[in-house]
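Asker: Spelled out from the first residue to the last, the chains are:
There are 2 protein chains.
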Amino acid sequence: MINVAVLGYGTVGSGVVEVIETNKKDIERKIGADIEVKYILDLRDFPGDPYEAKVVHDYKTIVNDPDMNVICETMGGLEPAFTFTKEALSKGISVCTSNKELVAAHGPELIRLAQSNKCNYMFEASVGGGIPIIRPMNSALTAEHIDFVMGILNGTTNYILTRMDEDGADFADALKEAQDLGYAEKDPTADVEGFDISRKIAILSSLVCGHYVNYEDIYTEGITKISAEDLKYAHAMNKAVKFLALSRETHEGFFAMVAPFMVDREHPLYMVRDAFNAVFIHGNTLDNTMYYGRGAGKLPTASAVVADVVDCARHLGKCITILWDDERVELTDANKYRCPYFVRVPADKADAAKSAFKIDKVIDAGIASEFAFVTGEIDNTEYEASAAKVGDVINRIRLI
Amino acid sequence: MINVAVLGYGTVGSGVVEVIETNKKDIERKIGADIEVKYILDLRDFPGDPYEAKVVHDYKTIVNDPDMNVICETMGGLEPAFTFTKEALSKGISVCTSNKELVAAHGPELIRLAQSNKCNYMFEASVGGGIPIIRPMNSALTAEHIDFVMGILNGTTNYILTRMDEDGADFADALKEAQDLGYAEKDPTADVEGFDISRKIAILSSLVCGHYVNYEDIYTEGITKISAEDLKYAHAMNKAVKFLALSRETHEGFFAMVAPFMVDREHPLYMVRDAFNAVFIHGNTLDNTMYYGRGAGKLPTASAVVADVVDCARHLGKCITILWDDERVELTDANKYRCPYFVRVPADKADAAKSAFKIDKVIDAGIASEFAFVTGEIDNTEYEASAAKVGDVINRIRLI
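Protein sequence lines correspond, in order, to chains A and B. Mapping of the first sequence onto the working numbering: residues 291 to 690, in sequence order. Mapping of the second sequence onto the working numbering: residues 291 to 690, in sequence order.
Hints were generated in silico from the structure; no laboratory data involved. Some clues are possibly wrong.
The list makes no distinction among identical chains, and a pair is therefore deemed to hold if it is satisfied within one copy or across any two copies.
As the list claims (entries may be wrong) - List time: in silico BS3-like cross-link candidates among lysine-lysine, alpha-carbon distance up to 27 Å:
| no. | residue 1 | residue 2 |
| --- | --- | --- |
| 1 | Lys648 | Lys515 |
| 2 | Lys626 | Lys648 |
| 3 | Lys608 | Lys381 |
| 4 | Lys314 | Lys344 |
| 5 | Lys608 | Lys408 |
| 6 | Lys376 | Lys408 |
| 7 | Lys608 | Lys315 |
| 8 | Lys381 | Lys350 |
| 9 | Lys608 | Lys314 |
| 10 | Lys350 | Lys408 |
All chains, please: the whole structure from these sequences, using the hints.
Answerer: Dropping the structure here:
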């Protein structure tokens, strides 16, 4: 019997209980043992809930139960999740989490603590929701030297950009629609400014290099400046605007960035629409691979947590290899990242733009009051210098 | 030290040696031990080859070496691969293979033999080349009840269909181009008739249900009848023709099929072009996920074999869970699979077609001599009955 406890009976936590109950037979076949949700920790009571009797308010009940095998931490936030996780791992109880804040902040320390107590700290659900991406990186792409990771890692913002792309909606209207549907929170800052994504690409980058990439070191630019006009130009170029996280190993060092990019129709990420996410990985002998699926949502995220539970149950008393130490990686300067830029200026600045930028292609989307173009490959320092000469730029978006 | 032997120094086998040598540092970091290719088994000598000194002609040298840990079987075909694999596993030496014929024919028996000798039989490279798909199915999608798998599982035929789609080439010309580029073999039957794909979907289907799906039981239809005209109609419908393998669990039982299908531009599989492959999986709580990458080629396939080697090296003396027994699955009748059909008849049969079929939409691709349409959902028995009434059908392709 595998005894499971769920910390936090919110969206993901209740999803974990639902996935275990719905797929009990499949899961038990895969573990080779019975599984039971023994406790649900929450401050609230849930009268009338079918699992009401499993709800406890004191974490000690769970962590002091000698039969406890795996704890699912679906509370989010740093505390008390951090303290609870450390207590469990110290006692040899494996912890599976969807909590990207905690993983991004204390991943290496918690992995080391798990290893020294012959249990596991697993976090498949912290990046890409239901998409298996952590496990493929740790246990499938092991013959590769991975030099490039690029992802659409936030369902809310991808939904917003898809509405803008397909319906011609402006940012504010698309955000409102996402909020009405429950995709976006009342305060959407963490999503639309890229703070959520920066934690996720920090985790993926850390797994690529085996060291600690701090999300606070990552250059992050939000999508609030993207307008319906930008999408018109994107259409004229057979491109779409996607909110991407990048992580790249170069001769100069390790680089990471979160920003909106224009993506060509031929690129596999182009077709990732609505609340779907995808992670695109390049390896030196494997070439390109991509992993696609639901990047958020109650059941897909819960399914990833429960897949971690299965892995822990199959490895009781053994450590699953995760290479991630706390040597902090010094990221290279994001200003030096070179790519073509799409730039819009007022029509009367066309001549100034032509002399300030090396223009590769002029883009016509039928907006007479503007002059828009794509530059050759430049870095951000060069872009800023040229933009200063023009004096008035309406918007600029990088191209991938 | 992990000692590896490679059986067969052909395309994949030499790729395995190249991947291990190229990524030695990364691989050793992931294993936590040194790795060496100790032997290469081949009937030929390779004078001047950098690994010439490792070549042996007698399998006994390898299988009787007490220090041997993992054997990579990249010979292909049933014999002597089957005998060699059994000998290795019987001695507790793990075997990693790219040999889909052998896995499709004897997978359950070899897995059982490995389990009873505390070693592993791994076959990531047998399906989808470099795409991690076997490992995600076995160890990541473990909380799911998977009810639908659909894949583009052959690089050669996807390349041919891409050329037909993008260049308007006819089948024979696209095949010739694929042969000139080395993608297609001189005798392309196994690829274009779907025999290669049927083995791959048999393996995936088996892993979904845990029992034995025999590839010979799978309804398989090739792509030789697809013409440049079919692609013109596909364009008119915003679709592409893809050579798909399907596996679906229904109320009536388990179903599998290999056939060309028309796929809509909105579907993630639409953008899988050239020699790339992808596997699309639906789970009951995870919804849709997709895995994309190079489905063939020396280094990508070799990378998958070496990822298996890493897994075996991490699990010396322990068995990795693979649920696949030899209870043979009775597949449901492919004639009962319901979907819309795209149908082309000569223009003078338009009236006959209109009375024989329930037509959903007439398709105009500017071919005056023909009448083409899409039916409502029908099964193949219904299709055949209607087609017989018309008497003359130029071609028909299913829609997904």
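Asker: Of all the hints given earlier, name the ones this structure violates by number, lowest first.
Answerer: Structure breaks no hint.
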